[in-house]
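Visitor: According to full-length UniProt numbering, the sequence shown holds residues 1 to 683 in order.
Simulated from the structure, these hints should not be mistaken for lab results. Heads up, a few of these hints could be off.
Derived lysine to aspartate or glutamate pairs resembling DMTMM-like cross-links, with alpha carbons at most 25 Å apart [stated by the list, open to error]: (1) Lys311 x Asp209; (2) Lys634 x Glu612; (3) Lys618 x Asp438; (4) Lys321 x Glu360; (5) Lys637 x Asp448; (6) Lys613 x Glu567; (7) Lys311 x Asp401; (8) Lys215 x Asp271; (9) Lys543 x Glu355; (10) Lys282 x Glu355; (11) Lys233 x Asp198; (12) Lys618 x Asp551; (13) Lys613 x Glu535; (14) Lys543 x Asp649; (15) Lys247 x Asp232; (16) Lys215 x Glu255; (17) Lys153 x Asp271; (18) Lys543 x Glu568; (19) Lys215 x Asp205; (20) Lys634 x Asp649; (21) Lys338 x Asp397; (22) Lys311 x Glu355; (23) Lys321 x Asp438; (24) Lys311 x Glu402; (25) Lys321 x Glu408; (26) Lys64 x Glu97; (27) Lys543 x Asp524; (28) Lys153 x Glu104; (29) Lys613 x Asp575; (30) Lys311 x Asp397; (31) Lys641 x Asp575; (32) Lys215 x Asp236.
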Amino acid sequence: MIRYDQTTRVAFFLLHHNLFAHFKPRDNNDCGSVAVNTRMHIFIEHFSSRRPQQYSFLHHHTLKLFCMGREHSALRMSVTDLRRLNQRLLVVALPAETLLQIFEYLVKYYLETSGFATSDHYSRSKLPKDVHVLLVLSQVCSAWRAVAVNAPKLWATVCFTGSRASQSLAQIFVRRVGSRTPMNIAMRTDSKLQPEYDPMSMLADVFPDGIRNVKTMMLRVGYPDPNIAILDKPADQLESLTIVGIKKGFFTFPEIPFAGSSPNLRQLSLDNLYIQPAIVLKNITRLSLSGIFVQPLEGTRSSIRVLFLLKRLKDCLGLEKLVLSAIGPQILKKTDLKHIKNDGDFPIYFPFLREICLMEFLSPITPFAILKAIRTPSLSSLYISHGGATFVDDIKDIIPDEIRFNDEAPSAHAACISVAAVESDRTDLNLRTIANWDDVHFECPDVDWFGALRWPYFYCDCDACPPSNLPHTDFEMGTHHFCYSAASARQRPEYMDDEMLVNSALSIMMHFIPQNISMVTIDDALQTFQTFPFEEMLVHFDKIRCLEIRDYCDHIYRPDRFMSVFEEFARRSGDSAPLPHLEALMLGNMELGPDSDSQRAPAFISLCHFLEKRQRHKRPLLYLRLFHSQVTPKMLKKLQKLVLNVSYDGLGNGGATAAELETVLAEATGLPEGAIKDGGGGE
């Protein structure tokens, strides 16, 4: 047994230290190993003359270390080569399943961006972009080509442009898809240039036995007198059909499409076409008809009878969305309403119809007759637009009393109404159901409720109201929608003024908004602020907890008339608190400061009278938010005494000091700093 004395241990230490510290190879060759061998050979020869037994032991292990060093160098070189290879072949090394997902995403992206997923593409490209993508993917390497060629989903969308190249590509696509994968057909023709060949004939040539395995078909027909043989053959798997005629007379939809064999067809959209009077429609859930005319008789174009068209939909009991735009055109008369009452086929019951869109009619009588002829207990969205000289200022003249939102509407918490009277006379209504509405406590001092009711996760800073308990909502979204658009402002009759427009808005609010609504937002208030019926609204919706007035513009306006409504409620309330359910006011774009001429602030005085009476009856307002408004620091101090929580961000200067706010107000009014009074006796 060899005994290791101090000299032996020193030799082992020097050997190990020299091998792995001082003599590491500096590159991928064996120069370092040669240097180690030379230095260690000199060391061992010197050591062998002194201790032969230890020399034999060290020599044996030194050889092992040399071998290990060479293997280590070889491994380092192999690892370096692998790293270089992987840097070049990272994508190639991906599994085929991952590559397929990437390819599918690329094809879908180019389909959507190039317009082939819709029927209104105007590009003049001969070949679709998704075809170019597939060609590029299949030419990178053999592995990519194997994945692309053997994936039917990538070739499932066949595009026709009216060129022979598109027909040849379509045949290749059909072969690679096979008969088991559902296909999509997109036909695109330019709106200005007539295609070289009839794309519909190409479609019939590629699918001689019909489109039995086609799932969606979107046809933009721009060739006169097209071959519609494909629409006379069965389409067993077809779910969605969209046809757009670039010019009238190019296309006539068959009376019984697909020989009556399209059991899965649920979505049908026809635009700018002729149709047969006795068209058969069954099991449709989403129907859109725009610019539809009856097939011309003896060279004359005749309009379709709207009420007759509704009768053709009686077999579509599962209808969920109905869009009728400029069909006819036909102006119904009030005498036609008697036919609806006496006709045994009306009203037609659509239990699942949620969305109705009636656009571009020449008078309000036509949409009224359509709504009068149907029953929709599930209605949640209604859009109506009409032209003509007749302006409807009462909702009863355009919407029958039977047309109401579904049973979920009474549970809505917030309503937003917008009245526009600049470019078009338009009224928008949006109802929202807010989650955790019972957890809204306006007395909480650390919550910006102006933002919390829209973006709750960014506006809560207190432990008493954690984000999980705040209302979850998006102010742009809603559960129920209504829009009424009348003649444009340029065509507005001279006798019609903004007061008639806001009366129409009030009529709409009372018809669709539940009376127990908790929050009302008046949007775009600047346009109709002087005529909006605030008093009638507050009387009718007497359970309002929060009232918001906003306008997304840079202008401010004097709310004298609006604030006088609150003063009037305070005067008429007698010995009780005015508007006792009102807890919060959010007011934007208002100039509460004194007038530059009279140095008085009537709007601020009226507001203070209302707040003081609420305070005297121990029902103070809990939350007042002023944004993009003008108010002096002394006015703010007065409001802070009358309201539990006051939030003010100035003219876009959030967090400004009192001196800065005074400077901003002086610049806005043109008065020198310090010359502005306390609201003309407002304190």
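Visitor: Indicate, hint by hint, whether the structure satisfies it.
Guide: Cross-check of the supplied hints:
Pair hint Lys311 plus Asp209 does not hold up; C-alpha atoms about 33 Å apart against a cutoff of 25 Å. With a C-alpha separation of about 16 Å, the suggested pairing of Lys634 with Glu612 holds against the 25 Å cut-off. At most 25 Å may separate the alpha-carbon atoms for a hinted pair to count; Lys618 and Asp438 meet this at roughly 22 Å. Proposed proximity of Lys321 and Glu360 is supported: the alpha carbons are some 17 Å apart, at most 25 Å.
Distance hint between Lys637 and Asp448 is fulfilled; the C-alpha atoms sit about 19 Å from each other, no more than 25 Å. Of the supplied pair hints, the one linking Lys613 and Glu567 holds, its CA atoms being roughly 10 Å apart against a limit of 25 Å. Pair hint Lys311 plus Asp401 holds up; C-alpha atoms about 22 Å apart against a cutoff of 25 Å. At roughly 20 Å between alpha-carbon atoms, Lys215 and Asp271 fall within 25 Å of each other, so this suggested pair holds.
Taken as a hint, the Lys543 and Glu355 pair is broken in the structure, with Cα atoms around 29 Å apart against an allowance of 25 Å. Between the alpha carbons of Lys282 and Glu355 the distance comes to roughly 18 Å, so the proposed pair stays at or under 25 Å and holds. For the given pair, Lys233 sits about 18 Å from Asp198 by alpha-carbon distance, which is consistent with the 25 Å threshold. The hinted pair formed by Lys618 and Asp551 fails the criterion: a straight-line CA distance of about 32 Å is larger than 25 Å.
Only pairs whose Cα atoms come within 25 Å are accepted, and Lys613 paired with Glu535 is accepted, the gap being roughly 18 Å. Between the alpha carbons of Lys543 and Asp649 the distance comes to roughly 28 Å, so the proposed pair goes past 25 Å and is violated. Of the supplied pair hints, the one linking Lys247 and Asp232 holds, its CA atoms being roughly 22 Å apart against a limit of 25 Å. For the hint linking Lys215 to Glu255, the alpha-carbon distance of about 21 Å falls within 25 Å, and the restraint holds.
Under the criterion of a C-alpha separation no larger than 25 Å, the hint pairing Lys153 with Asp271 is inconsistent with the structure, at around 29 Å. The straight-line distance between the Cα atoms of Lys543 and Glu568 is roughly 18 Å, inside the 25 Å bound, and the hint therefore holds. With a CA separation close to 18 Å, the supplied pair Lys215 and Asp205 stays within the 25 Å bound. At most 25 Å may separate the alpha-carbon atoms for a hinted pair to count; Lys634 and Asp649 meet this at roughly 15 Å.
Note on Lys338 and Asp397: the hinted pairing holds, with a Cα-Cα distance of about 15 Å set against a maximum of 25 Å. A threshold of 25 Å between alpha carbons decides the hint, and for Lys311 with Glu355 the separation of about 18 Å falls inside it, so the pair holds. For the hint linking Lys321 to Asp438, the alpha-carbon distance of about 33 Å lies beyond 25 Å, and the restraint is violated. Proposed proximity of Lys311 and Glu402 is supported: the alpha carbons are some 19 Å apart, at most 25 Å.
Distance restraint check for Lys321 and Glu408: the Cα-Cα separation of roughly 18 Å lies within the 25 Å cut-off, and the hinted pair is therefore satisfied. Restraint check for Lys64 and Glu97: not satisfied, since their Cα atoms lie roughly 47 Å apart, outside the 25 Å limit. Restraint check for Lys543 and Asp524: satisfied, since their Cα atoms lie roughly 23 Å apart, inside the 25 Å limit. A distance of roughly 7 Å separates the Cα atoms of Lys153 and Glu104; the hinted pair therefore holds under the 25 Å criterion.
Pair hint Lys613 plus Asp575 holds up; C-alpha atoms about 9 Å apart against a cutoff of 25 Å. Between Lys311 and Asp397 the alpha-carbon distance is near 23 Å, which keeps this suggested pair within the 25 Å criterion. Under the criterion of a C-alpha separation no larger than 25 Å, the hint pairing Lys641 with Asp575 is consistent with the structure, at around 22 Å. The hinted pair formed by Lys215 and Asp236 meets the criterion: a straight-line CA distance of about 9 Å does not exceed 25 Å.
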